[in-house]
Amino acid sequence: MKKKIVSMIATMALVATTFAGCGSGSASNADTAAADSSEDAATETASDGEEITLKLFSNLPDRKNGQGLVEQTIVDAYMAEHPNVTIEVETLDEEAYKTKFKAYSMDEMPDIVSIWGQPSFLDEVLDAGLLAELNTADYADYDFVEGSLDGFMKDGKLYGLPRNTDVAAFYYNQKIFEDNGWTVPETYDDLLALAKDMQAKGVTPLAMDGGDGWPLAVYLTDVLYKLTGSDYANIVTNALETGDFSDPAFTKAAQLLQDSAAAGLFQTGFDTQDYGTAQNLFTNGQAAMYYMGSWDASMALNQDIPEEVRTNIRMFTMPQIEGGATSATDITAWNGGGYAVAAGSENLDQAKDFLNYMYLPENLSKIGWENGVGMSAQDESDFMTGNETELQMQFVDAVGAATGLSGTTMNDRGTSAFKTAIETSIQNMSNGSMTVEDFLSNIASSIE
Amino acid sequence: MKKMYSNKAVIAVLVGPGLLLFAFAVLAPIILSIYYGFTNSTGMGSYDFVGMKNYKELIHDEAFFISIRNSALLALGFICIQHPIAMVTAYILDRLGGRAEHFFRCVFFIPNVISVAVIAYLWKFIYNPDFGLLNNIIKFFGGEGKVNWLGQDIAIWSVLIVLIWHGFGWGMLIYYTGIKNIDPTLYEAASIDGAGSVQTFFGITLPLMKPVIQVNVTMALISALKQMETVYLLTNGGPGNATQFTANYLYQQAFRAFKYGYGNAIGVVFIILCVVLTVITNKVFEDRDLKEEKKLNKISMRKEAI
Numbered sequence: 188m189k190k191k192i193v194s195m196i197a198t199m200a201l202v203a204t205t206f207a208g209c210g211s212g213s214a215s216n217a218d219t220a221a222a223d224s225s226e227d228a229a230t231e232t233a234s235d236g237e238e239i240t241l242k243l244f245s246n247l248p249d250r251k252n253g254q255g256l257v258e259q260t261i262v263d264a265y266m267a268e269h270p271n272v273t274i275e276v277e278t279l280d281e282e283a284y285k286t287k288f289k290a291y292s293m294d295e296m297p298d299i300v301s302i303w304g305q306p307s308f309l310d311e312v313l314d315a316g317l318l319a320e321l322n323t324a325d326y327a328d329y330d331f332v333e334g335s336l337d338g339f340m341k342d343g344k345l346y347g348l349p350r351n352t353d354v355a356a357f358y359y360n361q362k363i364f365e366d367n368g369w370t371v372p373e374t375y376d377d378l379l380a381l382a383k384d385m386q387a388k389g390v391t392p393l394a395m396d397g398g399d400g401w402p403l404a405v406y407l408t409d410v411l412y413k414l415t416g417s418d419y420a421n422i423v424t425n426a427l428e429t430g431d432f433s434d435p436a437f438t439k440a441a442q443l444l445q446d447s448a449a450a451g452l453f454q455t456g457f458d459t460q461d462y463g464t465a466q467n468l469f470t471n472g473q474a475a476m477y478y479m480g481s482w483d484a485s486m487a488l489n490q491d492i493p494e495e496v497r498t499n500i501r502m503f504t505m506p507q508i509e510g511g512a513t514s515a516t517d518i519t520a521w522n523g524g525g526y527a528v529a530a531g532s533e534n535l536d537q538a539k540d541f542l543n544y545m546y547l548p549e550n551l552s553k554i555g556w557e558n559g560v561g562m563s564a565q566d567e568s569d570f571m572t573g574n575e576t577e578l579q580m581q582f583v584d585a586v587g588a589a590t591g592l593s594g595t596t597m598n599d600r601g602t603s604a605f606k607t608a609i610e611t612s613i614q615n616m617s618n619g620s621m622t623v624e625d626f627l628s629n630i631a632s633s634i635e
Numbered sequence: 648m649k650k651m652y653s654n655k656a657v658i659a660v661l662v663g664p665g666l667l668l669f670a671f672a673v674l675a676p677i678i679l680s681i682y683y684g685f686t687n688s689t690g691m692g693s694y695d696f697v698g699m700k701n702y703k704e705l706i707h708d709e710a711f712f713i714s715i716r717n718s719a720l721l722a723l724g725f726i727c728i729q730h731p732i733a734m735v736t737a738y739i740l741d742r743l744g745g746r747a748e749h750f751f752r753c754v755f756f757i758p759n760v761i762s763v764a765v766i767a768y769l770w771k772f773i774y775n776p777d778f779g780l781l782n783n784i785i786k787f788f789g790g791e792g793k794v795n796w797l798g799q800d801i802a803i804w805s806v807l808i809v810l811i812w813h814g815f816g817w818g819m820l821i822y823y824t825g826i827k828n829i830d831p832t833l834y835e836a837a838s839i840d841g842a843g844s845v846q847t848f849f850g851i852t853l854p855l856m857k858p859v860i861q862v863n864v865t866m867a868l869i870s871a872l873k874q875m876e877t878v879y880l881l882t883n884g885g886p887g888n889a890t891q892f893t894a895n896y897l898y899q900q901a902f903r904a905f906k907y908g909y910g911n912a913i914g915v916v917f918i919i920l921c922v923v924l925t926v927i928t929n930k931v932f933e934d935r936d937l938k939e940e941k942k943l944n945k946i947s948m949r950k951e952a953i
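In the order they appear, the protein sequences are chains A and B.
Remember, the numbering used here sits 187 above the position in the first sequence when you count from 1.
Remember, the numbering used here sits 647 above the position in the second sequence when you count from 1.
Simulated from the structure, these hints should not be mistaken for lab results.
One or more hints might be untrue.
Stated by the list, open to error - Stretches of chain A that chain B covers, calculated by requiring three or more beta carbons in the stretch to come under 8 Å of a beta carbon on chain B:
#1 281-293
#2 390-401
#3 487-495
#4 601-611
Using N, Cα and C, we set each Cβ at its ideal position, and we do this for glycine too.
Build the full structure now, drawing on both the sequences and the hints.
Listed below in structure tokens is the structure:
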């Protein structure tokens, strides 16, 4: 019997060594293969030095349209200019991206990453020391819009660069407006009256992506900014520091949002419908308006949208609110998404080189502009081609004529716990199942 | 051979891989969860011990209790609605025989074959208030058709219907195999004695299915507690937290709110709940088994006495 056991163990050991042999064998094969290819490359591009692989982790999964296409174009161009550099791109959409970002933070952070220059994302990331410091002097000639780098700085040090200037906007279907004799509302009361009229005619007034929570929070910010004007940032920062949301402006803004929803400004079931559904409602011509950021200006170039709608998309910003402290040209705009280099990158210099290349004004800014993806965070006036869509020009004019910009939206000014809390309860508050008071105390309690 | 199995080294070699898998894939994460549950970790960088703070916060967390309530509702829905229907369907299928049996067996199982993502989007469109199937049906019959199926008050019921419908096939399949394992001679005997369908079901099928029912109920309870993917894709717990489920809430807190420590505390409570519920269900079924055994013993003893 004992013999059997011994032979069994011996067999297992044999099997184990066989597998081990396989493993090491294939590994060494791979090693030599890699060495071969690097030798080849070295002989071909002797001046460019060794083979380098950079990893780009991006939140733009669509590589054929909009911002994703712009990013891919730059990546391809960089690789063409630097034959020894290979850039591997990994993409996930926003929420999945943030989850995996966190997993990466424990181990092997990709070299270049998408980030958001907002406390709700960046605070934890910078506290963990994940991002490399950038040299501010490098970007003196990059024409960054005044103040756009602020969100990416901490203690006077720069850790990332902004990609876009985002503007909150009411997109509207000009054809539907003209056919019905409707005009762009100048005051908030006009907007609500317009919504009434639209409902009476069987048109859904405004398509709102309420299922995600954050567009509602942007809307709330928009209203709040119109009410408070240049005090907006102070009021929100104060509330976030003290956990006291008793400022009457908060109540008024939230109440206005709740009342608007109750008056039927948004589509039925806005509180659970996602981004795509809301956008489709508008692009199918079922809804007359659609509330979203300026990045969706690329709708005007999207061949998937029926031409009749595509060519008729125009926009206006939040109308004036009675008792508000702003003029019509004060708009809700902020610099959100951007890129950074990981502190732990093995090819830190090359990664920074790529980052700087991306941000050369003729790259991100120009290519982005040509693809109609909205406003970059850099001065774009040199890149006007004259072929811009009317929608694009409306955004340019709105930003150009702006007498005030809100900066980061309310939900992104606090911790990510605050962000989650406000984006969840705002659904309840706007559909009327939670009172404004409960909403404010709810978001206050998420602050430690 | 018997000797070999009693040899400790052999036992260790045979049990080892499974044990290691369990230790590293189940036990270690649970222990880590317990550890992180006592910290204020954000999932990145350094963190501090905060003692019971996460658990104290959890007691006052309304959303957490809503999610537990929803899980309980789902479990009830599974046990009281899905399973009785699944069992009766399985019984009818078995009686049907022939081609029809094969056909319907496939049809009923189809929802389980379709990916969860597709199911969620399918129902999203069915429920859509503007162009959804349900509202169009209502319009067809002359109604206004403006029901917001995923609105605040009825969202949870709409979600439950999807979950109950989606899980139906599995339950039915397990019951069906259970029924197939019942000795057909019993049915023959029953029909000779003149028992009808209903009588046969309650007299033969149901009692003999007890072990299958036990497995199914336990699985239903656990899957109700574990519910995540369909809800995540259908409503993501919204509006607000109206359709929040424990696993989804855990995910939200740990990975979206960056409250990794808090998320782990939820996880620990969640594990405890699962274990307690499993033990209770086992106890419930075990007691009945024991009682019945005793009953049978008594009867046979009486018979002997006579």
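Q: Return the numbers of the hints above that this structure violates; sort them in rising order.
A: 3
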